[in-house]
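Participant: What follows is each chain in one-letter form.
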Amino acid sequence: MTKIAIKVENLSKAYNLGQIGTGTLSQDIQRWWIKMRGKEDPLFKIGHINDRTVKGKDGDLVWSLKDINFEIEQGQAMGIIGKNGAGKSTLLKILSQITSPTTGKIKINGRIASLLEVGTGFHPELTGRENIFLNGAILGMRKSEIKRKFDEIVAFAGVEKYVDTPVKRYSSGMYVRLAFAVAAHLESDVLIVDEVLAVGDAEFQKKCIGKMNEVSKTEGKAILFVSHNMESIKQLCESAIYLENGALKEVGSVNDVINNYYSQFVSQNKNSTFRRDNSCTKDCYLEEAIITQNNIHTTFIDNKSPIELRFKIKNNIKLNICFEIILRDSNMNPIAFISEGSVYGIQHLIEVGKYSGNIILSLPFLAEGNYYMDFIIAEKNIRYVDNVECFMSFQINSPIINETSWVFKQSRAQGSILMDSINVSINKI
Amino acid sequence: MSNNINSQNNIPDNWDIVIEPTRGIFDLKLKKVWSYRDLLLLFVRRDFVAFYKQTILGPIWFFIQPIFTMLVYMFVFANLAGISTDGIPAPIFYLVGITAWTYYSESLVKTANVFRDNINVFGKVFFPRIIMPISIVISNLVKFGIQFILLILVIIYYVLFKQFQLDLNFKILLLPFFILLMSLQALGMGMLISAMTTKYRDLSLLLTFAIQLLLYGTAVVFPLDSLKGKMHTIVALNPMSYIIEGMRYSIFSKGEISLLSVLYSITITIIFLILGTIVFNKVEKNFVDTV
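Chains as they are written, first to last, in the working numbering: chain A, 1 to 429; chain B, 430 to 720.
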């Protein structure tokens with residue numbers, strides 16, 4: 001029987017909105033002073049008027065996680081998926097002992113190492129060598145352990161030439177590589193990784209996944225991995241957890257869970273309209289959007305003319321943004337991408353407020369079937385401000401090739417994009 | 430809750446880590462802290478190295494601040510105000526106070542703000558949080574040590590060239606004790622305040638300002654026995670006053686010090702240290718949610 005590495009029992013975490021929002025010294029002193037004189041607590045009165053307490057059933061409590069139960073065995077790699085705000089990060093924070101649960105228990109066998117962010121505690125003025133030691137120690141390694149693994153870490157990060165250069169002179173890629181390398185060489189029994197690979201380039205991501213695979217399979221480490229990239233999760237994990245609004249919706253094999261995760265988008269976004277129905281606290285976010293073609297709002301797109309996305313965004317701070325679109329086939333695999341910022345270097349400086357706009361997209365020639373699009377508002381080379389996965393879907397119907405009357409259909413064999421042209425010349429030799 | 434724990438204890442399983450909502454206030458996990466001792470040293474090293482990187486004067490900067498403060502004090506307090514320096518040459522008298530007070534105030538303020546200053550690290554990685562305040566106190570101690578060398582140089586200069594009679598005797602052995610007392614007090618008081626600064630930012634603003642004024646309520650720029658009556662009592666109650674007096678006493682055999690005053694300082698320090706540690710441990714679990 002394999003040994004259990006992590007056992008999570010009835011885990012819940014509540015956040016107290018009131019305590020974060022209020023709690024200035026003067027208010028608390030005032031409250032204390034009034035109580036001392038034997039009068040009614042003024043905040044208590046305010047609480048009655050306060051909309052939030054009237055509306056919320058549990059007063060000011062918000063359950064970020066509620067009754068989570070699962071187990072991970074040694075050598076098992078488990079992916080955690082779910083939308084933003086589903087509680088993934090809270091779960092990892094509790095597992096990493098950064099904050100404590102409100103109720104419930106987590107039992108862990110062995111040493112735990114968590115990588116919630118790359119390069120935590122890196123000091124820009126210190127050299128790569130000094131930072132390896134510092135970062136390793138922050139992650140819980142002894143000095144002797146780091147010394148033993150030092151060459152391996154440097155080699156994995158590929159920064160041999162720059163170990164004695166301050167990391168502030170590193171390229172962002174080198175920085176991330178070094179930081180991951182330190183964490184990956186930790187001698188731990190449980191490794192927790194949050195979305196950190198998103199910053200590296202594709203080749204490095206592959207290397208990281210490979211390394212994690214190796215430590216999971218050969219060293220028997222249990223891995224918990226959060227990513228928005230389903231491909232990475234599929235590559236690394238054999239099972240997955242699906243969180244929704246703080247509750248555990250599904251635990252199972254990675255393919256089943258991911259398919260179920262996607263199926264909700266399919267049922268949600270049957271039409272070509274997107275409207276955000278919950279309030280959002282992001283700096284800038286998509287409020288609503290529709291797809292039109294030839295000025296008609298439609299779900300059925302043909303391959304003859306460009307489509308137009310009409311959208312409204314809401315902006316909460318002054319930002320320099322650009323837009324990106326990812327196109328996915330009916331299996332949710334990304335098949336095409338366009339970025340205003342990366343491809344054309346265009347950015348828009350926007351003030352606080354609401355904006356409306358449109359994006360005209362020339363799609364490639366697509367096969368018959370369903371497609372999904374991701375809408376991304378990005379700060380170029382910095383971060384995704386808002387990333388709405390599969391924010392809407394559309395259909396391509398019977399794309400007949402005029403010359404042959406052949407119907408191009410989405411399939412595993414032929415994919416979903418028709419290439420621009422083909423010219424063959426053939427000569428007898 | 431307790432029933433729950435008992436029933437699970439019946440099953441013989443030994444887990445290495447159990448994460449629970451609460452833990453006892455005296456559960457300080459000292460074993461865990463000890464296993465992170467390398468991190469403590471690396472933090473101290475980091476603070477020290479990062480301080481002077483990309484400066485031209487490098488570690489000399491450690492000397493510049495006390496020297497200039499000393500010159501200003503000599504001008505304002507010795508020359509203009511004519512405050513007594515207890516028969517000790519003014520530069521030496523002030524330098525003792527300045528190095529000690531700088532150490533105390535910097536350690537205290539940095540420890541008090543430790544949660545907010547380090548939220549980026551604390552919010553992403555677990556390690557025993559108490560490592561951070563301890564590293565602050567120790568890296569300031571390194572700085573204090575360097576500044577103390579300056580003091581020794583100035584004293585040697587005065588003995589050799591200004592006929593200053595230094596009566597060095599066994600009392601000097603008390604010096605490390607006073608220094609230890611000073612750092613523990615800064616640590617304890619800082620941790621006690623740190624618990625509150627996570628919730629009330631007002632306090633950290635107040636502290637920066639209060640610590641500047643408190644300098645004048647501590648026997649830094651004047652000897653304690655130059656005060657009379659009520660003023661003397663108030664300044665003597667300041668837990669730092671006897672420590673600075675004690676440091677002067679152990680070097681120059683001058684200053685107002687008694688067994689009672691030393692016991693007073695020790696008691697206050699221990700109370701702060703215990704309260705500070707308990708409060709700090711309580712706050713560290715969930716402060717990420719409130720900062």
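If you are wondering where the hints come from, they were derived from the structure by calculation, not from laboratory data.
Heads up, a few of these hints could be off.
[What the hints assert, rightly or not] Cross-link-like lysine-lysine pairs, in silico, DSBU-like; alpha carbons within 35 angstroms at most:
(1) A:Lys147 - A:Lys161
(2) B:Lys714 - A:Lys147
(3) B:Lys482 - A:Lys66
(4) B:Lys591 - A:Lys143
(5) B:Lys711 - B:Lys628
(6) A:Lys143 - B:Lys460
(7) A:Lys217 - A:Lys149
(8) A:Lys143 - B:Lys458
(9) A:Lys147 - B:Lys460
(10) B:Lys628 - A:Lys354
(11) A:Lys105 - A:Lys168
(12) A:Lys211 - A:Lys66
(13) A:Lys249 - A:Lys105
(14) B:Lys461 - A:Lys105
(15) A:Lys249 - A:Lys282
(16) B:Lys714 - A:Lys105
(17) B:Lys657 - B:Lys600
(18) A:Lys206 - A:Lys3
(19) A:Lys282 - B:Lys711
(20) B:Lys461 - A:Lys217
(21) A:Lys83 - A:Lys207
(22) B:Lys628 - A:Lys168
(23) A:Lys249 - B:Lys714
(24) A:Lys105 - B:Lys657
(25) B:Lys628 - B:Lys714
(26) A:Lys83 - B:Lys628
(27) B:Lys600 - A:Lys168
(28) A:Lys211 - A:Lys7
(29) A:Lys83 - A:Lys206
(30) A:Lys107 - A:Lys211
(31) A:Lys3 - B:Lys460
(32) A:Lys107 - B:Lys461
(33) A:Lys312 - A:Lys380
(34) A:Lys282 - A:Lys380
(35) B:Lys657 - A:Lys211
(36) A:Lys207 - B:Lys482
(37) A:Lys234 - A:Lys3
(38) A:Lys149 - B:Lys628
Participant: Each hint: holds or not?
Facilitator: Comparing the hints with the structure gives:
no.	hint	verdict
1	A:Lys147 - A:Lys161	18 angstroms, holds
2	B:Lys714 - A:Lys147	31 angstroms, holds
3	B:Lys482 - A:Lys66	48 angstroms, violated
4	B:Lys591 - A:Lys143	49 angstroms, violated
5	B:Lys711 - B:Lys628	13 angstroms, holds
6	A:Lys143 - B:Lys460	17 angstroms, holds
7	A:Lys217 - A:Lys149	20 angstroms, holds
8	A:Lys143 - B:Lys458	21 angstroms, holds
9	A:Lys147 - B:Lys460	23 angstroms, holds
10	B:Lys628 - A:Lys354	34 angstroms, holds
11	A:Lys105 - A:Lys168	40 angstroms, violated
12	A:Lys211 - A:Lys66	33 angstroms, holds
13	A:Lys249 - A:Lys105	19 angstroms, holds
14	B:Lys461 - A:Lys105	20 angstroms, holds
15	A:Lys249 - A:Lys282	25 angstroms, holds
16	B:Lys714 - A:Lys105	15 angstroms, holds
17	B:Lys657 - B:Lys600	26 angstroms, holds
18	A:Lys206 - A:Lys3	29 angstroms, holds
19	A:Lys282 - B:Lys711	31 angstroms, holds
20	B:Lys461 - A:Lys217	29 angstroms, holds
21	A:Lys83 - A:Lys207	26 angstroms, holds
22	B:Lys628 - A:Lys168	33 angstroms, holds
23	A:Lys249 - B:Lys714	28 angstroms, holds
24	A:Lys105 - B:Lys657	60 angstroms, violated
25	B:Lys628 - B:Lys714	14 angstroms, holds
26	A:Lys83 - B:Lys628	30 angstroms, holds
27	B:Lys600 - A:Lys168	48 angstroms, violated
28	A:Lys211 - A:Lys7	25 angstroms, holds
29	A:Lys83 - A:Lys206	24 angstroms, holds
30	A:Lys107 - A:Lys211	26 angstroms, holds
31	A:Lys3 - B:Lys460	26 angstroms, holds
32	A:Lys107 - B:Lys461	17 angstroms, holds
33	A:Lys312 - A:Lys380	20 angstroms, holds
34	A:Lys282 - A:Lys380	17 angstroms, holds
35	B:Lys657 - A:Lys211	72 angstroms, violated
36	A:Lys207 - B:Lys482	34 angstroms, holds
37	A:Lys234 - A:Lys3	23 angstroms, holds
38	A:Lys149 - B:Lys628	41 angstroms, violated
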